[in-house]
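Take the sequences, apply the hints, and build the full model.
These protein sequence lines map, in sequence, to chains A and B.
Taking my numbering, the leading residue of the first sequence gets 1, the next gets one more, and so forth.
Taking my numbering, the leading residue of the second sequence gets 484, the next gets one more, and so forth.
Treat each hint with caution, since some may be false.
Stated by the list, open to error - Taking CB as the label site, the calculated pair distances span:
#1 K563(B) to V430(A): 52 to 60 Å
#2 G235(A) to D780(B): 37 to 45 Å
#3 A776(B) to N38(A): 48 to 56 Å
#4 P371(A) to A776(B): 58 to 66 Å
#5 D485(B) to S228(A): 53 to 61 Å
#6 D2(A) to R692(B): 53 to 61 Å
#7 R575(B) to V430(A): 50 to 58 Å
As the list claims (entries may be wrong) - Residues from chain B that keep clear of chain A, each with C-beta distances beyond 10 Å, as calculated:
#8 R501
#9 D503
#10 A589
#11 D596
#12 G626
#13 G633
#14 R669
#15 D673
#16 R692
#17 S698
#18 L740
#19 A747
#20 R774
#21 G794
#22 V886
The hints are simulated quantities; they were obtained by calculation from the structure and are not laboratory data.
Fair warning: this is a prediction, and the values are worked out from it, not measured in the lab.
Just so you know, even glycine gets a beta-carbon here, dropped at the ideal spot from N, CA and C.
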Amino acid sequence: MDFSAHAERVLDTALARGAAYADVRFERSRSERIEVRNGDVAGLSDTHSGGFGLRALVDGAWGFAACALFDDASLDAAAGRAVAMARAGASASRQRIGTIPLEAFVDQYVTPCERDPASVPLGERVALLLDAERALHSAATIAVGRAWLDLWRTDKEFYSSSGSRIAQTIYQSGGAISALAVGDGDSQVRMWPGDRGMYFGGGWEVLELAELRENAARIGEEAHQLLSAPQCPSGTMDVILGGSQVSLQIHESCGHAAELDRIMGWEANFSGTSFLDPSERGKLHYGSPIVNIEIDNTMPRGFATVGYDDEGTKSVRADVIRDGILVGFESSRDTAHLIGSASTSCVRAESWEHVPMIRMCNLNLRPGDVPFEHLFDDVRDGVYMEANRSWSIDDRRLNFQFGTQIGWEIKHGKRGRMLKNPTYGGITPVFWNSCDAIGDAASWFEWGTPNCGKGEPMQTGRTTQAAAPARFRNVAVGVGYGR
Amino acid sequence: MDADARRALAERVLARSRADAMEAIVSSDHRALTRFTHEFIHQNVDIENVAIRVRAIVDGRTGVASTNASDDGALDAVVKRATEIAAFAPRRTEPPLLATYAAVTAPAAAYVDATANATPEERALVAGAIFDQAATNGCWCSGYVTTSTGGVTIVTTSGADASFDGTECGANVKMTAGDSTGFAERYSTDVRVLDGYLLGSRAVRKAQRSAHPISVDPGDWTVILEPAAFGELVHFLGDHFSAQAYDEGSSFLSGRLGERVMGAGVTIRDDYAHARHPDAPFDWEGNPKQRLALIEDGVARTIVTDSEWAGKLGRPNTGHGLPAPNAYGPYPLDLVVDPGTASLDELIASTKRGLLVTRLWYVRIVDQRKTILTGMTRDGTFLIENGAIVSGVRNLRFNQSLVDALGACTFSNDQQRTGGYSYALVAPAVKFERFNFASTTDY
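Pasting the structure below:
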């Protein structure tokens, strides 16, 4: 791809029509999905999409126009529409927000990829899923077996009127298996890996690492066993969360809470606000002193790892919670400017036709020093919970209630019988301050989420919350079935 | 792009077919959004796109490929990819059937020129009227004004030729006043009904009336959910009406057709022609949609099917297919809950002690088969005592089986379209005699 001539035309047109600054992303993406369901290839699709999205800043207000056509007339029309949108916005607005970047980058970035998915024959891809799905039916109660994979490649070029010219090729891949057991008026689900599958930046090697075939029979058997497992008890007790559930806990109760656009009310009517305030930086005891959470948009295998974000900011690492204290936020250029800070490179758009906005990217809980098996050691009465099934949190990210697919009783430091329908709830900072042990680096993994929703119209984001299993004291358990 | 242009594009696709059968879906849309917060517009968006989806069938095998480019090279490539995938894919248990020609009529007022031609200045005027209400009343507001035009054309080598054009518009606003918030929304096909003053002042009244909210104890409450709140729950019933979920056992309806499953007076339909939400008269396979009573006076009457599940279960095709490839089964996209006879004010007046809820948030499934849902109240929750609203209430979390709640309920006599960008359905307000709240917040 080389859209430099198109970029020059569309940016020049936007500036000529009155924009003080403009930037444009040209993108071509390919997404392939294969899904096997009960022995059938229920979905086999290959989607190509291309177009450009242009931002124009006029009198401190942004306009955005997107178009799939690249001819001169379409480029000119899009520039006109973006400027008109910005001008109409400025006429009604009682504040000004837009900032013009001082830096310009000329660079390129390609996701490290051990095996390009394009080199894997379609037959090999389908065979993997058919084999894994077949193995899920390890018990007669398995009513639905599913196995799927997603492969994405996005080529994008970013140009700005400040002089940036950035070319990137992003590879993202992942897949999962799922078994639904039905019997006696009940249904129970199990998935692998984790609760969303294994997704991160890279190629076919992600699917090999996921070991779908190797784990399918066990996952089917666990779904079957859950039908007759005892109900998770209710009460206040200690909880150990598996790594993927800690990842979900970070995502919902830290990641979204620390998005600076939410904090400033930019998502108030839909996704909500946050209990956090910029004035609490350096003061708020978000968690216990062992809780350290950081943005790392440079990490290998990060699902959100890129060279530059979608407003042309170079990817960075930045602390959000250090030794339990709130120290930073996920931000864009505009929002960071408002608190006298620098962008943490967290701006993403789902595709060329989506407006860039702050997204949770790679936001990780640093590992602790406790080997996984020793997390159980001094738990007298508790539950070990794995793999999310239900998740809900209020619009300020305080009151949460989560459920997992499976649990195990813990008595006197030992993991005991399987439990079904585990749920727990709490208040965000109280919960994170009850964290007294985090698994070591050996149990830490880059859990990716392919379907984080935010914005209107809703944009789907791809994000990693790397985490290890962790222990929390005195948690309200069984709350989902409390009546 | 109009229907003729979409049809011409679809025919250029089918003319390239070397498959046994082929379907071309061409969808065009032009969407605009003016989103605001703190009385400034922070997202002002205008998007145009045309997408082409090709389903090829070769020897009973299916392949799907998509593109949004329409030059000859792109069409050659998308047809080739779909055909290659189909030639390779394993054969399905149920052979795929493409739609044949069927006469369908779009519901009245699905397309309104004023909406299709709306400008950014018109949307800014609606937003500006909301800003005025916020400024005048010492509040701040966030929300959006949106207008869009969308069209779809489905043509198959089996003779189907279906087109639909529709417009959508909406505005919503959350108003914040110190320690309380309020909400108002309006969705339609006609932009001329969007009244920023009305929406802004309604949201202001909600926010002001819920100022200095008090805490109430969790537990079982009589609760009245306004349409925006009730819609968040009804939305989760959609999966249960799917033939796939019914057959596989994850639906609460599984094996219960013909039985009473909810209280008398509960009628839930799927109706693409409802005046408050006129939608396409055909599904994503190009088959005509049937207007169905899914629950009638509390009795489970039927489920929705597509071509595959009609064949599997030996039932009629109700026209509720989603775009291929579809692993999720058929789905009712146009849910409607029938109204009752009392006004919302009368529902409140008949409540000795209860809660009035404006809006719910982050509703999620706790237990699919039992229809247990959890979520939070937001943007205007009130205590009712002796038939009158007496105070705002701090927000609460609920855990409740929706089907159980619908066992004892009363509906208001007016329906609203709700759902915004997330979904679209038509619902009245509902009064549940027993609704379980599990925990509270301090705001």
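These are the hints, each one checked on the structure:
Between K563(B) and V430(A) the C-beta distance comes to about 58 Å, which sits within the given range of 52 to 60 Å. In this structure, G235(A) and D780(B) meet the distance hint of 37 to 45 Å, their C-beta atoms being roughly 41 Å apart. A776(B) and N38(A) have their C-beta atoms about 30 Å apart, which leaves the hinted 48 to 56 Å range violated. Checked against the given bound of 58 to 66 Å, the beta carbons of P371(A) and A776(B), roughly 59 Å apart, stay inside it.
Distance hint check for D485(B) and S228(A): the Cβ-Cβ separation is about 59 Å, which falls inside the suggested range of 53 to 61 Å. Judged by the Cβ atoms, the range 53 to 61 Å given for D2(A) and R692(B) holds: they are separated by roughly 59 Å. A hinted range of 50 to 58 Å holds for the C-beta pair R575(B) and V430(A), which are about 51 Å apart. Every Cβ of chain A is farther than 10 Å from the Cβ of R501(B); the closest lies at roughly 17 Å, confirming the non-interface assignment.
Listed as a non-interface residue, D503(B) keeps its Cβ farther than 10 Å from every Cβ of chain A; the least gap is roughly 16 Å. At roughly 24 Å, the least C-beta separation between A589(B) and chain A is larger than 10 Å, which holds for a residue marked as non-interface. No Cβ of chain A comes within 10 Å of the Cβ of D596(B); the nearest lies about 19 Å off, and the non-interface call holds. Non-interface status of G626(B) relative to chain A is broken: a Cβ of that chain comes within 10 Å, the nearest being about 4 Å off.
Separation of G633(B) from chain A is adequate, the least Cβ-Cβ distance of about 12 Å exceeding the 10 Å criterion. For R669(B), the shortest C-beta to C-beta distance to chain A comes to about 13 Å, beyond the 10 Å cut-off, and the non-interface label holds. The Cβ of D673(B) lies farther than 10 Å from every Cβ of chain A, with a closest approach of about 20 Å, so its non-interface assignment holds. Annotated as non-interface, R692(B) keeps its C-beta farther than 10 Å from every C-beta of chain A; the closest such distance is 19 Å.
Non-interface call for S698(B) relative to chain A: holds, since the shortest CB-CB distance, roughly 13 Å, exceeds 10 Å. The Cβ of L740(B) sits about 16 Å from the closest Cβ of chain A, beyond the 10 Å cut-off, so the non-interface label holds. Residue-level check passed: A747(B) sits 24 Å from the nearest beta carbon of chain A, beyond 10 Å. With 10 Å as the threshold on Cβ separation, the claim that R774(B) sits away from chain A holds: the shortest Cβ distance comes to roughly 28 Å.
No beta-carbon of chain A comes within 10 Å of the beta-carbon of G794(B); the shortest separation is about 13 Å. For V886(B), the requirement that its beta carbon stay farther than 10 Å from each beta carbon of chain A is met, with the minimum near 13 Å.
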